[in-house]
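Note that the protein sequences, when read in sequence, are chains A and B. Start counting the first sequence at 438; every next residue gets the next number (my numbering). Start counting the second sequence at 246; every next residue gets the next number (my numbering).
Possibly wrong hints are sitting among the right ones.
Said to hold, decoys possible - Lysine-lysine pairs mimicking DSBU-like chemistry, simulated, CA-CA at most 35 Å apart:
no.	chain 1	residue 1	chain 2	residue 2
1	B	Lys298	A	Lys444
2	B	Lys346	A	Lys623
3	A	Lys451	A	Lys482
4	A	Lys482	B	Lys346
5	B	Lys268	B	Lys346
6	A	Lys482	A	Lys444
7	B	Lys268	A	Lys623
8	B	Lys346	A	Lys451
The hints are simulated quantities; they were obtained by calculation from the structure and are not laboratory data.
Chain residues, written in single-letter form:
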Amino acid sequence: MYAIVVKDLAKMYKLYNVSYYRLLDFLGLSRGPAARYYDEYWALKGVTFDIPMGATVGLIGRNGSGKSTLLKLLSGASAPTRGEAVVHGRVAALLELSTGFHPDLTGHENIFSCGLYLGLDRPVMEALYDEIVAFAELGEFLHRPVRTYSTGMQMRLAFSVASSAPADIQLIDEVLGVGDTYFFGKCVQRFRRFQQEGRTTILVSHDLGTILRLCSRCLWIDRGVLVADGSPLEVVAAYNQSVYDERDRHEPGAMGSSGVDLGRSRALRASNAVQISGVEFVDAAGVPARDFAMDTTMVVRVGYVSQEVLRDAVVAVVVYRADNVTVCNAISSMDGVTLELSEGKGAIEVVFERLMLAPGEYTVGVGIYPSLELDDTHSVQHAAIWHKPVSFVVRRPVSVAFELGVVRHPVRWRFAGRPSTVSPEFFEEKA
Amino acid sequence: MSCFRMLYRHRYLIWRLTVLDFKVRYVGSQLGLLWMMAMPLLVLGTYLLVFGKILGVRPDPDLSGLDYGLLIACGLVPWLGFSEGVMRGTGSVLAQRNLMKSTVFPMELIPVTAVFAGLAGQLCGIALLLLVLGIRGALGLHVLLLPLLLAVQALFTIGLVWFLSCVNILYRDTSQAIGLLMVLLMFLSPIAYTQAMVPVGLEMLVQCNPLSYLIDGYRQVLLFDRLPSLAGMAVFAGLAVAVLLTGHRYFMRLRRVLPDFV
Chain A
438 MYAIVVKDLA KMYKLYNVSY YRLLDFLGLS RGPAARYYDE YWALKGVTFD
488 IPMGATVGLI GRNGSGKSTL LKLLSGASAP TRGEAVVHGR VAALLELSTG
538 FHPDLTGHEN IFSCGLYLGL DRPVMEALYD EIVAFAELGE FLHRPVRTYS
588 TGMQMRLAFS VASSAPADIQ LIDEVLGVGD TYFFGKCVQR FRRFQQEGRT
638 TILVSHDLGT ILRLCSRCLW IDRGVLVADG SPLEVVAAYN QSVYDERDRH
688 EPGAMGSSGV DLGRSRALRA SNAVQISGVE FVDAAGVPAR DFAMDTTMVV
738 RVGYVSQEVL RDAVVAVVVY RADNVTVCNA ISSMDGVTLE LSEGKGAIEV
788 VFERLMLAPG EYTVGVGIYP SLELDDTHSV QHAAIWHKPV SFVVRRPVSV
838 AFELGVVRHP VRWRFAGRPS TVSPEFFEEK A
Chain B
246 MSCFRMLYRH RYLIWRLTVL DFKVRYVGSQ LGLLWMMAMP LLVLGTYLLV
296 FGKILGVRPD PDLSGLDYGL LIACGLVPWL GFSEGVMRGT GSVLAQRNLM
346 KSTVFPMELI PVTAVFAGLA GQLCGIALLL LVLGIRGALG LHVLLLPLLL
396 AVQALFTIGL VWFLSCVNIL YRDTSQAIGL LMVLLMFLSP IAYTQAMVPV
446 GLEMLVQCNP LSYLIDGYRQ VLLFDRLPSL AGMAVFAGLA VAVLLTGHRY
496 FMRLRRVLPD FV
């Protein structure tokens, strides 16, 4: 059963060059057979997809790519020019949060007035009231005018009200990123609850980590066209790649100052001196694999093609968790290893003995730098950087039922002794 | 007739929104609702001074100053309610454009709310008028027709504002033009004078102005305890319904595309 079915959805905005053309156009007055009053701007150029009930789908794309237009069409706030969007169920659109806020009214009054705009009667709002207030955490400010609130407080109240409306489908546009970390955490919690309740969600965010963390599927829209639809990891990686490529086209050779940072956020140019031909994961026996158990050996094999002999090359491998957290860096020079890359094709292996990563899905970024000095901009400029989507999975041990965090750090256990050997204050009850 | 059904269905929401409109307007001001009385009283005073004293206008030579004042007030109060509704209503949808962009809120209620907020001021004025007339013992049973007059006026204004608020989004100069037009219309409407005082040759000016029928209706009912002219009321009521239906049709046709222009 689908919650949202979108078929060839297109939206054209009319751009009028002269202000009264708009009126003339609407009055139905013709400007003659050849002339038109407006220029066409196609914000969406025919998008087709469907979303099953209960799914959480991320929507990414650069500014002006048509994400917000798509959400407006889905919410019914705007009408499509062509095609159709069929939505089964009640939609809650968290697009512009502070809609309907009156700065001179108190938070308490605004809760009820926003309720009106959401189509919720007073009795319904009264039932939701306690939860809204608890979530917004305004304290004594609840009974003060909203204009006295900090931006964060306003956003908390707005998100709290907007997200409390009962709905089957929710459309969220870039609103999770407004608060501080604590509030973000609360939003995510609430968001998870909605997921469990079976709400269908479309989430627009520029924070790709959020997409990876919350979504089970990702759509990528570019210039009004759906260019990718698939697992978040693949789509986000492809999106990143396109952003890098784009930036490379605009500023060739642009790079960051810190050479060790292979982060996806930094665009580094692949050089001609050395290129990475491929990256794969192999097990202890040298057989390519994608699945690894904890404590076994995982090897990252990096294939390269070099135009010259590189005597003191540096190879770096960064491991990212699926939600974009950088888990660890392996940098050959930091480990005191000197690698001499021969001319032509070759491969380097980075061996992760006794894999300590917690169960989950991971990707890697790989860089080969022609010389040792990572701060040397020349070296960084001519580095080969590889960040195409290849992932490996660490399996959960059968005996463990809970999350293991990011890594399983090696530890030792021992008895510390009695109060006579450990400082006695340690055992005193703290007030 | 779908617009009557719509208005009825959303009656609770319209009521709450009107109250909210009011609250927002006067929250934070010290004198609050007193301001609502200040405007009609000020205009009334000016009218009396200019027309009654300086120009010495009288519809009837025997009419006392107070009676002339009441005559003006009976025209002025509904006029102010109408013009306030039209001016607020014309800009209302644009002012609340955020609602349109992000929610599926029934936008057609926004101009309606603006009209009712304008009518609320008129109700205060009418209450004051009734008080004065009551003290003078001039009130009769025909006052019971007031709700009918108010209803017809509301329908007329709502229809007008549905149309104007759309046009204002497409062409933003509309609200400026309306402001000017209202000033003009205020003097062209028989507020400080009656239809009978208009010189021969200019009667068309009053006869073509639908508001003169409305103002005359209020005057007959409040001041003279008489039935308003049935022909005049029939013309105005017919016009009100026609304007309402056309305005509604126009608004509903445009409401799907309006978000693209705000």
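Hints, one by one, checked against the model:
no., hint, result
1, B:Lys298 <-> A:Lys444, "violated (73 Å)"
2, B:Lys346 <-> A:Lys623, "holds (27 Å)"
3, A:Lys451 <-> A:Lys482, "holds (14 Å)"
4, A:Lys482 <-> B:Lys346, "holds (20 Å)"
5, B:Lys268 <-> B:Lys346, "holds (24 Å)"
6, A:Lys482 <-> A:Lys444, "holds (11 Å)"
7, B:Lys268 <-> A:Lys623, "holds (33 Å)"
8, B:Lys346 <-> A:Lys451, "holds (16 Å)"
The structure shown violates just one earlier hint, number 1.
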